[in-house]
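Next come the chains, spelled out residue by residue.
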Amino acid sequence: MLAAIAWRNLWRNKLRSAVIITAIAIGIIGTVVTDGFMSGMTDQRVNAAIANEVSNIQIHNPAFLLNEEIKYTIPQAQKTGNTIRKNQDVKAVSLRLKCQAMASSAIAGAGVTVYGIRPDDEKQVSALHEHIIKGNYLSGKQRFSAIIGQKLAKKLDLGMDDKVIVTLADTTGTITSGAFQIVGIFKTSNDMFDESHVFILKSDMAKLMGFSSASSNEIAILLNNNHSTRSVVRELNKTFKKEIAAHQIVIQSWDQILPILKSLVEIMDYFSYLFLLIILVALAFAIINTMLMAVMERTREIGILMALGLSKRKIFSLIVLETVFLSITGALVGILISISIVYHYSIYGFDLSFVAAGGLNSIGYSSTIFFRVSNNFYLATAIMVILIAVLSSISPALKALKLQPAKAIREDI
Amino acid sequence: MKTLFKIAWRNLWRNRRRTILTAASVTLALTLALFMRSMQFGSYEQMIRAGVNQVGYLQVHDTGYWNNQSIDRAFFYSDNLGEILHNTKGISHVLPVLQTFSLASYGNRTKGVLISGIDPVKENQQTNLSGKVIKGSYLKENSSGVIMGDKLAEYLKMKVGDTLVLIGQGYRGITAYGIYPVSGIFHLPSPKMNNQVVFMNVTDAQSFVYPYRIGLLTGISVFIRDPSQLNGIKKTLTENLGKHYEVISWKTVLSDLLQTIKMDNASGQIMLLILYLIAAFGIFSTVLMMTMEKRKQYAVMISIGMLRRKLVWVSIFETFIVSVLGVIISLIIISPVLYYLHLNPIPLTGDMANMYLAFNFAPIIPFSIKAHIFISQTVIILILSLLSAFYPIIYISRFNVLNAFRH
Amino acid sequence: MSIIEVKNIYKVYNETKVPVNALNGVDLKIEEGEFTAIVGPSGSGKTTLLNILGGLDLPSKGDIFIEETNLKDLSSRQLTDFRLHNIGFVFQSYNLIPVLTAKENTEFILQLQKVPKKERIQKAMELLEAVGIADKADHRPGQLSGGQQQRVAVARALASQPRFIIADEPTANLDSRSTNDLLEIMAEMNRKYHSTFIFATHDQRVMDKAHRIVTIDDGKIIGDETFKGR
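Chains as they are written, first to last, in this note's numbering: chain A, 1 to 413; chain B, 414 to 820; chain C, 821 to 1050.
Hints are not guaranteed to be accurate.
[Stated by the list, open to error] Part of the chain A face toward chain C, derived, beta carbon under 10 Å:
{"#": "1", "residue": "Val54"}
{"#": "2", "residue": "Lys98"}
{"#": "3", "residue": "Gln100"}
{"#": "4", "residue": "Arg372"}
{"#": "5", "residue": "Ala406"}
[Stated by the list, open to error] Here chain A is said to cover these stretches of chain B; the calculated rule only asks that three of the stretch's residues, wherever they fall, bring their Cβ under 8 Å from a Cβ of chain A:
{"#": "6", "stretch": "439-445"}
{"#": "7", "stretch": "517-530"}
Derived by calculation from the structure, the hints in this document are not laboratory data. Ideal Cβ placement from N, Cα and C applies to all residues, glycine included.
Pulled out of the complex, with its shape left as it was, chain A reads as follows (with noise of 0.2 Å):
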C-alpha cells in the first residue's frame, strides 16, 4: 500500500511530475546519445586504423622496433607466416618491408613510411584497396609501380602516372634512390596516414635495399573477428615461444602498436561517465527541490499519516519510495528514446560533414559517425539514476521525519 500511496502521488500534480521526468530523461538520452556518437567515433578510427593502417596483429624483430632499423628482419618470416596461417582465427597474413625514407618529386620532398607489399597477400590484409581514387591498386605484374596518399600526391604535386622518388638508406647505410611510377591515390578517413605512406611492390623493394625479396621485417595479421585479438595474441606467444624468448620476434596488438588508441579509447570513455555524472547532479538538485516542495505542500497530510500511527520508518520510505519512482519513470523513458535513437544512428550513421567534414578527416576521423552504446553504459546510467534518486530523497524524507504531527495536522493547506 506504501507504494502504492507513493506511485499515485506522483500524479497528482502531472505537470510537476511531467516536468522532472522530462529533465531526466532529457538527461539521459543526452549523456547516452553523446556517448554514442563518441563510441562510435572511436570505434570508427579504431576500426579504420585496423582494417587500413595496423591490422590486428603485428611481428617485428625486437631490435627493429627500437629505431626501425631496416637490417633488423625477421628470422624465416616466409615459415613464421606460414604457421601463423594455420591459426583458424586467423583471416590473413601479409609480409612486409618496411622503411622510414624520403618521398619526392621535382619540386619538394617529405618523409615517409615506405611499405614493400604482395598485392595480393596485402589485399587480404588491408582493406587499403578500397580506398583506391585514382588509378588502381598495385598489381604484382607492373613493376616500379607505386601508390600513394591524396594528401602526400598533393604535398609533392605529383599525379597519376608520375614518377616518385624515393630515398632511403640500404642495409650498408648507403643512401640509394628509386624512381617509382605512381599508379594509384588512395585517400582513406586519416589524413595523417595519407600525408606519409608509400607502397611499392616488395619485390623492388628488396633489391632497392639489398635484401633478397624473401625477407621481411613486419608481418601483419587480419583476425576474422578483432575481439579475438586477446586470445591469438596469447596463442601466438606460446607458438613462438622459443623464437620469443632467443628474442628473434615480439609479438604485438593493434593496442601496443597504437597506445594512443588505445588511450584515446579509454579517454572518450572517462568523458562520457564524467559527463553522465555532471547531468546527474545537476538533476539531482532538481529531484531534490521538487521533492522537498512535495513534501512541504503536504505537510498537513504526512501529519496526519503520522497521527496514524505510520512509523517514522515507513514515512521516510514513503518519501524515498517516491522519489525512486519518479526517476525510475524518467530513467525508462529515457532509456527507450535513447536506445531508438542510438539504434536509428547506429543503422544509418549520423552525418557529421555539416560540421566539419575536413576537419574530421584531418584528425582522422570519418564524416559518418555510426552510433554505439555498450550494455555496460545503459546499465551503469540506470543504476547511477537509481542511486541519486536515493541520495536525493535523503533530504525531503528528513524534512518530513521533522515534522511533529500535533503541529503538521494544522497547519494551514
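Since chain A is already given, all that's left is putting chains B and C on it; use the hints.
Quick look at chains B and C alone, frame taken from chain A:
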C-alpha cells in the same frame, strides 16, 4: 512598481529554503557551465596562442607556395620587401624562415628531416627556443651549428659535437649538401618536432639550398601588435606587396587546428545545451510549484482589487530575483576558482598527457577568464530563468478566482 | 477503571519569545463508552488537551495514563505504535489520504496492524456499510462530498478497534444535514460497539448529542457536566 518588488522580495523570504534551493540550481548550472567553458576556451586559446606563436599571424610567401610547398617556390629577400613590411602600421616584428626537406645521416643511419632555417635571436625572442635546449648550447649567430630534437638525436645516435650530414634537394634542381656540427639538442612538447626537425641559422640554410646567391626564404612570419587589426593589415600588405607575393593568415595556416576546435566547441555546446535544459526544467518546476502554492494568495489579492497585470510583475520579479541571486552566488564561488586555475593550470599526467603531446599541445588544462565567457553564460541562464516566468504570467492572466478559493 | 486518566498536566510552549501556558493543571478521567465533548473558546487549550489525549503531544508536566500505560514513558517510536493500536482519529476536513480510495483508506490502518488481506477487506467493507457509504467504496476522497469523507474517516478510525476515538472539530466544514448524519453514525457506533468518543468542538449540535461536556478555558477545566440518558 517599488511596492510590487517589495511584495516579490517578501514572498521569496517567506519560504527561504525553497528560494535558496532554486537559486542553488541556477548557481549549479551556471557554475558548471562557466567551468566547462572556461576550460574549453582556455585550451583553445592555448592551442591558438601556441600555434600563432610558431607560425605568426600572417605569413608572406612567394605566390603559390602555400598550395605547393616546394623549395622552388622560395623567393629572394629584397630591401623593397623589407621596407614595405617595416612601413606597414601595426606590425611588431617579422621572422624570416627557410624550410626544406632533406635526408639527415650520421654513421650508417639516415632519416628524413625538416630543416628550418631561422634567425636565432629573433626566433628565440618569439618562442624561447633556447630554453628548450637540454644538452649543448643554442644556435649562435655566425656559427654554423645545428640543433635537433632529442628523439632524432637518439635515432641517429648522435651527441653534441658530432657532425651531421645533410643531403637534399636544393633550389632550382641542384643537389643540396652540407655537414654541420650539432651544437645542441632540444626537447619540445611535440614528439613530431623532436623526431623530425633540425634548426639552423637561416643564412646556413640559404647556402645549403642555393650557395650561389644569399637571401632565399620560403616565408616571412609577420607578428602584429593588435590581433583585431589582422584583416586590415592583411589587406594593406596584400596590396602593397603585389601579385608576386601571397599573404596567408594564421587561420589558413592552422585550419586543421581550427577545425578541431570547431568540432570540440560544437560538442561542448551540445553538452551545455543538455545541462541548461535540465537546469531550466529544475527552475521551471520550482516556479510551477510556487505558482500553484500561491493560488489562494493570488485569488485574495485579485479579489481585493489588485490588477492581474501587477501580480504578473510580482511573479516576474520573484523569478528574476531568484535567478540573479543564483548568478551572483555562482560568480562569487567560481570566479576566484577560475582565476586561480587560470594562473595555475592543471597539469595532466599519464595517457591524457601523452595524447596532448601527440597532438602537439602542452599537457596542461588551462582556464580562460575572458569576459565574453562570463557574459554569454550569465545571459543564457538569465534568459532561461525568465522564460520559466511565462508559466505564472499565463496562469495569473487566466485562472479562475472562485475555483482557487474552493480548493 | 477509566480508559484515560490525566493527572495535573501542564503544557508550556516555548517557541515564541513569551512562553505560552496552554494548559495549567488539568485533571480529567474518561470512562469506557463515553461520548464526551470538550468545548471552549479559541486559545483555551482545548486543542492542546486533545493532542495530549491522542498521544500526538506530551505534557510539559504531569502524567497521562491510558489504562496502565503512562504515555510519558514511551519512546517516540513506541508512541507511534501505541497510537496505531489504541487511538482512532477523525480530524476536520481533508483528513483522508487523497490518493487512496474510501476502501483503501479504511483498510490502511488494518494493513499497518498487519491484519491479513481477506479479513482486512471484509472488515473495511463492513464498516463502510455501517457508515452507509459502501456504494462509494472505490471512490477517491476527491470524488466524495465533505460529509461522505467524514463518514469514511469514522470508518477508518473504527477499523482498528481502538480504545477510543479522538475527533477534532469533525463537523467544522459540514452543512447541517451532513452534520446530523455524521453525529447519528457516531452515536450509533457508540451504542453498537460501545466505542469511546472524545470531541473537541464549537458546534452546538455536537454538544446536544454529547453525554458529557467538559468546558475548558485559560488552560483549566471550568465545567464538567454529565447528561444521563442521552
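Here is how each hint holds up against the structure:
no.: 1; hint: Val54; in the structure: violated (62 Å)
no.: 2; hint: Lys98; in the structure: violated (73 Å)
no.: 3; hint: Gln100; in the structure: violated (76 Å)
no.: 4; hint: Arg372; in the structure: violated (42 Å)
no.: 5; hint: Ala406; in the structure: holds (4 Å)
no.: 6; hint: 439-445; in the structure: holds (count 3)
no.: 7; hint: 517-530; in the structure: holds (count 9)
This entry does not satisfy hints 1, 2, 3, 4, going by the numbered hints stated previously.
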